[in-house]
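Line by line, the protein sequences are chains V and A.
Residue 86 is where the first sequence starts when you use our numbering, and the numbers rise one by one after that.
Residue 86 is where the second sequence starts when you use our numbering, and the numbers rise one by one after that.
Check before you lean on any hint, since a few could be wrong.
No distinction is drawn between identical chains; accordingly, a pair holds when it is met within one copy or between any pair of copies.
[What the hints assert, rightly or not] Calculated lysine-lysine pairs in the DSS-like style (CA-CA distance at most 30 Å, straight line): (1) Lys378 - Lys181; (2) Lys181 - Lys333; (3) Lys392 - Lys333.
Just so you know, these hints were derived from the structure itself, not from any lab.
There are 2 protein chains.
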Amino acid sequence: MKAKSQRGTVVVAGGAGFIGSHMCERLLDESYAVVCVDNLLTGRRSNIDHLSNRPGFEYRQADLTTSADLIPDDPSMRVTHVMNLASPASPVHYGKHPIETLKVGAVGTMNALEFASRKGAVFLQASTSEVYGDPLVNPQPEDYWGNVNPIGPRSMYDEAKRFAEAACAAYARSRGVDVRIARIFNTYGPRMQLTDGRAIPNFMVSAIRGEPLTIYGDGSQTRSFCYIDDLAEGLFRLLTVEHSMLRKLGELPVINLGNPEEVTILALAQEVLQVTASNSEIALKELPGDDPKVRQPDIGRAREILKWVPGVSRREGLRRSLPYFVSEVSRSWRSNNLQTGRR
Amino acid sequence: MKAKSQRGTVVVAGGAGFIGSHMCERLLDESYAVVCVDNLLTGRRSNIDHLSNRPGFEYRQADLTTSADLIPDDPSMRVTHVMNLASPASPVHYGKHPIETLKVGAVGTMNALEFASRKGAVFLQASTSEVYGDPLVNPQPEDYWGNVNPIGPRSMYDEAKRFAEAACAAYARSRGVDVRIARIFNTYGPRMQLTDGRAIPNFMVSAIRGEPLTIYGDGSQTRSFCYIDDLAEGLFRLLTVEHSMLRKLGELPVINLGNPEEVTILALAQEVLQVTASNSEIALKELPGDDPKVRQPDIGRAREILKWVPGVSRREGLRRSLPYFVSEVSRSWRSNNLQTGRR
Chain V
86 MKAKSQRGTV VVAGGAGFIG SHMCERLLDE SYAVVCVDNL LTGRRSNIDH LSNRPGFEYR
146 QADLTTSADL IPDDPSMRVT HVMNLASPAS PVHYGKHPIE TLKVGAVGTM NALEFASRKG
206 AVFLQASTSE VYGDPLVNPQ PEDYWGNVNP IGPRSMYDEA KRFAEAACAA YARSRGVDVR
266 IARIFNTYGP RMQLTDGRAI PNFMVSAIRG EPLTIYGDGS QTRSFCYIDD LAEGLFRLLT
326 VEHSMLRKLG ELPVINLGNP EEVTILALAQ EVLQVTASNS EIALKELPGD DPKVRQPDIG
386 RAREILKWVP GVSRREGLRR SLPYFVSEVS RSWRSNNLQT GRR
Chain A
86 MKAKSQRGTV VVAGGAGFIG SHMCERLLDE SYAVVCVDNL LTGRRSNIDH LSNRPGFEYR
146 QADLTTSADL IPDDPSMRVT HVMNLASPAS PVHYGKHPIE TLKVGAVGTM NALEFASRKG
206 AVFLQASTSE VYGDPLVNPQ PEDYWGNVNP IGPRSMYDEA KRFAEAACAA YARSRGVDVR
266 IARIFNTYGP RMQLTDGRAI PNFMVSAIRG EPLTIYGDGS QTRSFCYIDD LAEGLFRLLT
326 VEHSMLRKLG ELPVINLGNP EEVTILALAQ EVLQVTASNS EIALKELPGD DPKVRQPDIG
386 RAREILKWVP GVSRREGLRR SLPYFVSEVS RSWRSNNLQT GRR
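Input sequences plus hints: build the corresponding full structure.
Take a look at the structure:
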């Protein structure tokens with residue numbers, strides 16, 4: 086459908102990904118036109134199929150790293166906002182695609198910034214709690230500079246995102262782009278990939294299948310998990326808040342978005358067992374390299390500037406996610422059986 | 086001249102820069118053929134003019150960020166090494182060219198890595214002590230992860246170099262490139278630009294002109310300065326050392342190169358006054374943002390693996406640099422007078 090709207094057009098790079106697809110939906114609900122750009126490296130058409138007939142939605146399969154012309158010039162389309170959500174974002178995915186992850190974080194972000202600069206559009210960059218690395222401060226406020234190993238096994242992602250922030254800073258300062266950076270902490274919910282190696286899909290899938298839930302390390306490392314609807318709300322507020330509201334954050338508004346409620350990985354596994362009513366066991370395995378021991382957002386800025394706090398409890402979020410995971414597990418079971426001919 | 090040699094060919098990206106031009110010279114002295122690639126954004130033809138007639142030297146004006154084909158395929162040319170020294174490298178230059186600095190650090194480095202990977206060449210990346218940021222550990226060993234503000238006023242350089250290191254790590258791990266990373270600390274000597282805003286050229290030029298030497302802050306911040314010939318020796322050793330010698334550093338050899346002798350900026354200014362026999366005064370000005378308070382290399386690895394220690398004292402290095410600075414000051418005085426018609 087042609088992207089036209091009273092409220093303007095948002096180009097969502099990475100719009101077919103987990104977070105991206107929820108943002109596209111949310112923006113359409115708010116009467117924005119949406120151009121979803123994705124190269125489907127880790128994004129999936131199935132995440133946005135249900136949006137394809139909605140007025141104002143347009144999908145373009147394109148690679149952000151090859152061109153700054155994200156969409157063709159069309160005077161009838163007033164691009165008001167650009168959201169850069171494009172990147173492999175789980176350790177399994179960026180470990181498998183290290184070069185692509187570096188490239189989209191650097192080249193992709195600079196292309197998207199060029200585009201926003203040319204269009205005079207507000208630019209929202211999805212950054213990550215990974216820029217804090219293995220933090221020496223807990224919880225992490227936005228002015229904490231982080232503790233990241235530049236050559237570590239996760240550095241293709243962490244450093245690409247730090248670079249993306251530096252690129253935002255350069256375009257804001259030297260080109261006057263209205264940039265907003267969201268440092269996104271762990272998020273979960275429907276449309277996460279089953280095989281992306283993150284704790285919640287891992288636990289959900291294992292619990293549904295009745296297989297052991299694998300914990301890396303002793304399970305005492307803590308994390309905080311934000312339900313996708315809460316995150317989409319925070320991102321939407323950051324994208325659309327008046328520039329003047331952000332001024333008190335200095336020249337570069339960076340805002341943590343995440344759920345500050347901490348849980349140990351072991352306790353999370355037990356909660357998943359309860360929500361899924363599963364009898365699975367819990368198994369411990371060796372911790373991979375440079376895995377942060379703690380990670381918890383300080384969301385003081387989001388609370389003050391965006392009036393945002395996550396409203397969905399973990400138990401509620403896990404419950405809401407359950408139907409998706411059950412259906413995905415059953416779909417993958419069926420497709421495996423069809424492929425192999427096993428019963 | 087056609088680049089042919091018994092010992093192989095080294096492609097030096099950024100070869101017309103301060104460090105690059107000294108490396109080209111050193112490599113020719115060691116019987117390597119050299120292809121010097123530079124876009125002359127901050128490099129200068131005059132740095133390599135004296136090399137143009139030397140057998141085995143070839144200069145190509147090209148932009149590392151536009152193509153991974155650094156040099157045309159020529160079966161007679163055996164590219165054995167790639168040195169990536171391309172980047173604006175002083176706060177004045179990267180402040181003036183923030184986008185170009187980000188681009189050469191990210192796109193340029195990935196292009197150079199692609200090229201090295203295709204040629205099966207050893208790859209040396211010039212990184213910087215700036216990856217340590219405002220260090221919380223002094224001196225800085227290579228396994229210190231740094232304290233860098235990702236959106237600070239210097240982040241276009243610091244984060245581009247951290248990204249370059251992460252890119253090296255990714256190409257080493259996923260493509261098997263024989264990568265060596267040099268974290269270069271402050272270096273000085275002939276062919277530095279007078280106007281690059283660094284302490285030594287600033288002080289030298291002011292002292293020679295009889296103008297006040299400006300110190301930012303109270304002058305108690307310390308730095309360490311390595312003479313260019315010492316640095317070129319260290320880089321040459323890191324470039325050519327047998328891969329097996331680097332194995333004890335783990336999968337990614339990173340080596341600090343710098344002179345560990347610390348000096349306060351105030352004491353340095355006084356030394357310059359002595360070496361130049363100048364009567365200039367010393368003036369204090371406000372410190373710019375994110376200026377590190379200390380910076381000193383731990384060179385244990387270079388000493389052990391490369392058998393390298395800097396041999397030129399600061400006083401000796403300043404003396405050796407003096408004729409260059411005197412001649413540049415007089416040249417810029419003449420060219421200003423020619424341009425403005427003043428006496």
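Here is what the structure says about each hint:
1. Lys378 - Lys181: within (23 Å within a copy, 39 Å between copies)
2. Lys181 - Lys333: between (40 Å within a copy, 26 Å between copies)
3. Lys392 - Lys333: Classified as within: same-chain Cα gap 15 Å, cross-chain 52 Å, threshold 30 Å.
Of the numbered hints stated above, none is contradicted by the structure.
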